[in-house]
Amino acid sequence: MRKRSANKFCLQAATVIEVNELRLGNQLKKLREEQKMSEEEVAEQLSVSVQHIHKWEGNQSYPDIQQLLNLSDIYGTTINEFIKNDAALQNRINIQEEEKEDDDKLLHPGFYIGIGLMFFGNFLSLIIGNLMIMMVTNIAGMLIICFYKEILKLLKGVKKDFYEQK
182 MRKRSANKFC LQAATVIEVN ELRLGNQLKK LREEQKMSEE EVAEQLSVSV
232 QHIHKWEGNQ SYPDIQQLLN LSDIYGTTIN EFIKNDAALQ NRINIQEEEK
282 EDDDKLLHPG FYIGIGLMFF GNFLSLIIGN LMIMMVTNIA GMLIICFYKE
332 ILKLLKGVKK DFYEQK
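In the numbering used here, the protein residues as written are 182 to 347.
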């Protein structure tokens, strides 16, 4: 029993090490060391501070796309190699692209849902004769119009958490 749990632990530790080696920062540090360059030399070539290099190699932050292109030139590799080996970076790029696509839409579905709710509330309050219904639906409609994207992000997070628990 003990041997089995030790093997399981070793397998998990090896998986963690393998995943960490694929992170962009670990790749950058390995490539820099292979080129026998210091953090200062790389920082000077990129016109950034040494702290930037340290944070990138420590997986605390990511370089922007232009810096990734410059790093790929310095280390003689491609930007594709950086991106395809780091799942966190891929996820970050996908999220930023989704946000950009959302920002391109002038009138998102939340606008139509909110306006529809407001009209429905006004119509219902006229039929029933209760102004409270109109006030509540107008406020709800305005909140949906203003916070539609945030509501979607919240619901996506809840859905993700739900499936991760299974």
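Among the clues, some could well be false.
[Said to hold, decoys possible] Cross-link-like lysine to any residue pairs, in silico, SDA-like; alpha carbons within 20 Å at most: (1) Lys265 to Gln241; (2) Lys210 to Ile255; (3) Lys211 to Leu298; (4) Lys236 to Ile255; (5) Lys334 to Lys265; (6) Lys337 to Lys265.
[As the list claims (entries may be wrong)] Estimated spans, in silico, between C-beta atoms of each pair: (7) Ile320 to Val229: 35 to 41 Å; (8) Lys236 to Leu333: 28 to 34 Å; (9) Tyr293 to Ala269: 33 to 39 Å; (10) Val229 to Lys337: 48 to 54 Å; (11) Lys217 to Lys265: 30 to 36 Å; (12) Asn311 to Val339: 21 to 27 Å; (13) Gly297 to Lys341: 23 to 29 Å.
Rather than coming from a laboratory, the hints here were simulated on the basis of the structure. The beta-carbon is built from N, C-alpha and C at its ideal position, and this holds for glycine as well.
How the hints compare with the structure:
1. Lys265 to Gln241: holds (18 Å)
2. Lys210 to Ile255: Holds. Lys210 to Ile255 sits at ~13 Å (cutoff 20 Å).
3. Lys211 to Leu298: Distance of about 56 Å is beyond 20 Å: violated.
4. Lys236 to Ile255: holds (18 Å)
5. Lys334 to Lys265: Given that 20 Å is the threshold and the Cα spacing comes to 25 Å, the pair is violated.
6. Lys337 to Lys265: Since the Cα atoms of Lys337 and Lys265 sit roughly 24 Å apart, the hinted pair is violated (cutoff 20 Å).
7. Ile320 to Val229: 35 to 41 Å: violated (48 Å)
8. Lys236 to Leu333: 28 to 34 Å: Given range 28 to 34 Å: holds, Cβ gap about 31 Å.
9. Tyr293 to Ala269: 33 to 39 Å: holds (35 Å)
10. Val229 to Lys337: 48 to 54 Å: Roughly 34 Å apart at Cβ, these two residues miss the hinted range, so it is violated.
11. Lys217 to Lys265: 30 to 36 Å: For Lys217 and Lys265 the Cβ distance comes to about 26 Å; the hint is violated.
12. Asn311 to Val339: 21 to 27 Å: At 32 Å between Cβs, range violated.
13. Gly297 to Lys341: 23 to 29 Å: holds (28 Å)
When the structure is compared with the earlier hints, violations turn up for hints 3, 5, 6, 7, 10, 11 and 12 and for no others.
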